[in-house]
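Trainee: Here is what each chain is made of, one letter per residue.
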Amino acid sequence: MCSPASLARLAVIVTILACTPALRPGVAIAQEGLQPLLQKYQAEIAKPSRTTVDRVLAALLRENRPGTSEFLRRWQDRGVYERPGDGFFFYAQEASGALHLIDIDSGVAVAEVTRREINQIRPNSGVRGVIAAALAPFELNAPEPARRQAALDAIARSGDADQIVPLADSIDHEPDAVLKRRKERLLVLLTAQFGTPQSARLTAISDLAGDISIEARSVLNQLTARQAGVAIALPEGANIARVLEVGEDISGTEAYDRLVGAGLAPPRQSATDRREVLAQHIVDGAVGGVPLHQLDTDAARTRAYEALEAAGTVPARAAENEVARTVAAHVFYETYVQPDPEVTAAAEDALATTTRTLGLYQTLDLVLDGLSLASIFFLAAIGLAITFGVMGVINMAHGEFIMMGAYTGYVVQIFIPDYTFSLIVALPLAFAVTFGAGVTMERLVIRHLYTRPLETLLATFGISIALQQLAKNVFGTQARPLTAPDWLSGALTLNDIVSISNIRVAIFVLSLIFLALLLFILKRTRLGLEMRAVTQNPGMAASMGINPNRINMLTFGLGSGIAGIAGVAIGLYAQVTSEMGANYIVQSFMTVVVGGVGNVWGTLAGASLIGFLQKGIEWFNPSNTLAAQTYMILFIIMFIQFRPKGIVALKGRAAGD
Amino acid sequence: MSEPEIAPRKRFLAENPSALRFIGCLALFTLGVTVLSEGFGLAFLSTSMVKILGMTLCLCLIAVAMDVVWGYCGILSLGHFAFFGLGGYAIGMWLMYARTEGIVVQSLAAAPIPPTPTEIENAIATQIFGVVGSNELPFVWGFAHSLPLQLLLVLLVPGLLALIFGWLAFRSRVTGVYLSILTQAMTLALSLYLFQNDTGLRGNNGLSGLQNIPGLLHLSQSTLAIWFFWASALALGLGYLLFAWLVSGKFGSVIRAIRDNEARVRFLGYDVERYKLVIFTLTAVVSAIAGALYYPQAGIINPAEIAPIASIYLAVWVAIGGRGRLYGAVIGAAAVSLSSSWFTGGGAPSINLGFYTILWTDWWLVLLGLGFVAVTLFFPRGIGGLFDYLVRKP
Chain E
475 MCSPASLARL AVIVTILACT PALRPGVAIA QEGLQPLLQK YQAEIAKPSR
525 TTVDRVLAAL LRENRPGTSE FLRRWQDRGV YERPGDGFFF YAQEASGALH
575 LIDIDSGVAV AEVTRREINQ IRPNSGVRGV IAAALAPFEL NAPEPARRQA
625 ALDAIARSGD ADQIVPLADS IDHEPDAVLK RRKERLLVLL TAQFGTPQSA
675 RLTAISDLAG DISIEARSVL NQLTARQAGV AIALPEGANI ARVLEVGEDI
725 SGTEAYDRLV GAGLAPPRQS ATDRREVLAQ HIVDGAVGGV PLHQLDTDAA
775 RTRAYEALEA AGTVPARAAE NEVARTVAAH VFYETYVQPD PEVTAAAEDA
825 LATTTRTLGL YQTLDLVLDG LSLASIFFLA AIGLAITFGV MGVINMAHGE
875 FIMMGAYTGY VVQIFIPDYT FSLIVALPLA FAVTFGAGVT MERLVIRHLY
925 TRPLETLLAT FGISIALQQL AKNVFGTQAR PLTAPDWLSG ALTLNDIVSI
975 SNIRVAIFVL SLIFLALLLF ILKRTRLGLE MRAVTQNPGM AASMGINPNR
1025 INMLTFGLGS GIAGIAGVAI GLYAQVTSEM GANYIVQSFM TVVVGGVGNV
1075 WGTLAGASLI GFLQKGIEWF NPSNTLAAQT YMILFIIMFI QFRPKGIVAL
1125 KGRAAGD
Chain X
89 MSEPEIAPRK RFLAENPSAL RFIGCLALFT LGVTVLSEGF GLAFLSTSMV
139 KILGMTLCLC LIAVAMDVVW GYCGILSLGH FAFFGLGGYA IGMWLMYART
189 EGIVVQSLAA APIPPTPTEI ENAIATQIFG VVGSNELPFV WGFAHSLPLQ
239 LLLVLLVPGL LALIFGWLAF RSRVTGVYLS ILTQAMTLAL SLYLFQNDTG
289 LRGNNGLSGL QNIPGLLHLS QSTLAIWFFW ASALALGLGY LLFAWLVSGK
339 FGSVIRAIRD NEARVRFLGY DVERYKLVIF TLTAVVSAIA GALYYPQAGI
389 INPAEIAPIA SIYLAVWVAI GGRGRLYGAV IGAAAVSLSS SWFTGGGAPS
439 INLGFYTILW TDWWLVLLGL GFVAVTLFFP RGIGGLFDYL VRKP
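Protein sequences, first through last, are from chains E and X.
Taking the numbering used here, I'd label the letters of the first sequence as residues 475 to 1131.
Taking the numbering used here, I'd label the letters of the second sequence as residues 89 to 482.
These are calculated hints, taken from the structure and not from any lab test.
Treat the hints with care, as some may be off.
[As the list claims (entries may be wrong)] Simulated coverage check for chain E against chain X, where a stretch passes if three residues somewhere in it have a Cβ under 8 angstroms from a Cβ of chain X: (1) 559–570; (2) 690–703; (3) 944–957.
[What the hints assert, rightly or not] Simulated pairs of lysine to aspartate or glutamate, EDC-like, Cα-Cα distance not exceeding 20 angstroms: (4) E:1119 x X:450; (5) E:946 x E:929; (6) E:1119 x X:350; (7) E:946 x X:450.
Built from N, CA and C at the ideal position, the CB exists for glycine as well.
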């Protein structure tokens, strides 16, 4: 009887008996547990949708049985499972390929199943958002900061009046300073939208004045949202935003269209509709007595239609004077969606302040944009300021030197994978490469053409297309990446409006360094002195013991080398292609010419003018940078008419001529 | 009355045998192409080849104009290809409008009620501008329905642009490389303007289908090709004679003097700006005519054609052919543009070096670029300069 085998059998039976109640929790658990309530909404919970979830949530929150928030959180995170047989819900715990089902109310593991035997409930993202919003008040005091953060995000996404009290209560217990500020802010936003004593609401709204964050602006915009209305007389008690004058605020056509939209007037007949109607009433090759072949003018069609009207075969259409009378008989207005006039007035005030602040910041942002564009133009043109500005050599291959610099950076990155270090190597290497190229070009070609400047243009153009094609043959036609190191990839952000990427700041700094360096070389070194001497009067310089050949070579090399470094900088934010240089060449020449030839300050002035001008024009028409460039070039052409020598014109002997 | 008019013309041709020789060569060439063409002769030359030759003649014409403004007057304009493109756009508008009108009228003829003029115009506008998301005819197309008006625009638009631009630039004494940069800026502005979708010229789609001439749709392309070839040859011949006559007389002496020393000519009492303006505008108009003949043969025009680089190429053709002699410009334009299409069109055999095969589609531009450098450095008088040696030897 008591053999080991029978003992084992007994143990199995006991186990089964012990498990049985747990397998039927709905039967065993008391009525106030969560599961029965969930079972009441079984279908809606198992297959949640945006249309039903609100009702379920309302019911769950009304009863607020123990474990509700835990359930909502798991539901949202796809952590709730439905057993197919009886439709009960469980939580589950992963364990070596199987799932331990956990009872919702008792938190006890009740069974082990495979994934196949159980349905995971997967609410879609819309539903999850709604659940998160409902969950937010519970989560505001959660021990983990991440959960509190998530709750705040949910409130920010879809706030409602019910969240105000729990949010306000949670502020005092908030240990984290950042989260506390966020909570206080959200409270202001919520109060402005839904706050109940009007005074509290008005205070909150005035607190939002001048706040340029997107959240605050969207709250104010919602509060001041308007809808168009039309009626015989202004409606009583409505919160009227303004009354529209026909002909001034609203065109007659638009006004009539609104009447039609409101069902207060018959629709106007379009030319197409009339043609359709006429085509339906062709009798013996004529419509209303007008022969078909004559119907190729509007007047004839009107005649035919009037004939049909007179015969009563077609409905009368709205005549023009009738349209005008109907429009005149109605009043067109805009009402606030928000019914409380004090709230809307406060919101309008706050919005006006915000708009002013916004304008200020937008101007600041525009200035930063202009500054950054100007520094890019400056960087691209500064090498040219030396070769063209100081030496008077038109180097059409200057853009290709920029390209060579950028490709040097790309090649260096292939060999040195660390971006910061490769950048440190690439900058001097690009200078060396383009310095060499510039010196070679000066020695082989340009030297022979100093007396024929226009032919320098042609020869260097030939070099430019040859270099471009060579780059295409070597590197291919697709753009090559020149990746910026991490510390350059972020952006400096002041607020939602004003931000500037680190790369642009770096380019700005780089161009300042170049400016200083170049001024130093030209004004404070022997080389600079000799450069200026040779460009002003080569013969006299030579008789003073300066070797003009050597100086010309070095000057041209310096200008070309700077173009190479500019290439690395430009390649970091733009793409490296064989045509990148060609995109800058015309602009660069214009920068130098506008600024004034022969002067580094002039190039700075030219680049600033062009950069700010282009951004300024873009600001008027942000969608169209092509138009901005077009108008900018036209402006430059006009500008050169009035100041042919550029902004900073050299005077006296230095001016040459 | 007629005596004094005939006398200088006789003298002009007698004193300029090169012009006579050029016209002779052009006539022979035209005759040869006609005889060999597909449309009228032995069909040795395909229609596309005839078109390429016709287009080359147009390029020769603008090169002659460029030679006058640069080689004779010393103004290195990098904007003449913009005038060429404007001429093409002006004629292209009529070609496209009239052809679309034909198609639209045909399709609307099936409707039970005949269309009104407004309906036709709307349908045309939708056809042409659907591609840039518009269905209204922009105001610049106001004359597009009429060939004579549009032909007038071929002359007027580039002419006026050159007149205004030239007046502004010459008046403020912008010379030399500054003028080159300024004209280049003008060209860039124009091409950027045309690139926009909302400026009414179909943005970067450009105008297309220009090879179909409304009213002549019953003719085959081979016939049209030879007709356009003749027109191009005629235009080149007339343009050449006009410029040869212009630069041979006193006017020619003055503009050459302006090239060589502008200040001295001014001190001698000549109105330098006026001479320059006349040359600049006249050559611009001739360039536009060349463009108006070129693009119906090319079949398509888009803003990329006007990009500044095209005008630089034009200057290079003239430099290679030899500045300051009109036949030099013709030789340069024909040689470079024909060899470009031969090399890049895959006509040239690739060279196998064993370790590397030189594909001309990849290396032609390198060769061309280095060729410019070589010509500028070693043959400042260009290919045309070779004739000097031939003439001097005997």
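Trainee: Determine for every hint whether it applies to the structure shown.
Mentor: Okay, the hints, checked on the actual structure:
1. 559–570: It is violated: at least three residues are needed, and the region 559–570 of chain E offers just 0 whose Cβ sits closer than 8 angstroms to chain X.
2. 690–703: Coverage by chain X is violated for the region 690–703 of chain E (0 residues, Cβ < 8 angstroms).
3. 944–957: With 3 residues close enough to chain X, the hint holds.
4. E:1119 x X:450: violated, 41 angstroms
5. E:946 x E:929: violated, 26 angstroms
6. E:1119 x X:350: At roughly 18 angstroms apart (the allowed maximum being 20 angstroms), residue 350 of chain X and residue 1119 of chain E satisfy the hint.
7. E:946 x X:450: holds, 8 angstroms
Checked against the numbered hints given earlier, this structure breaks hints 1, 2, 4, 5; the rest are met.
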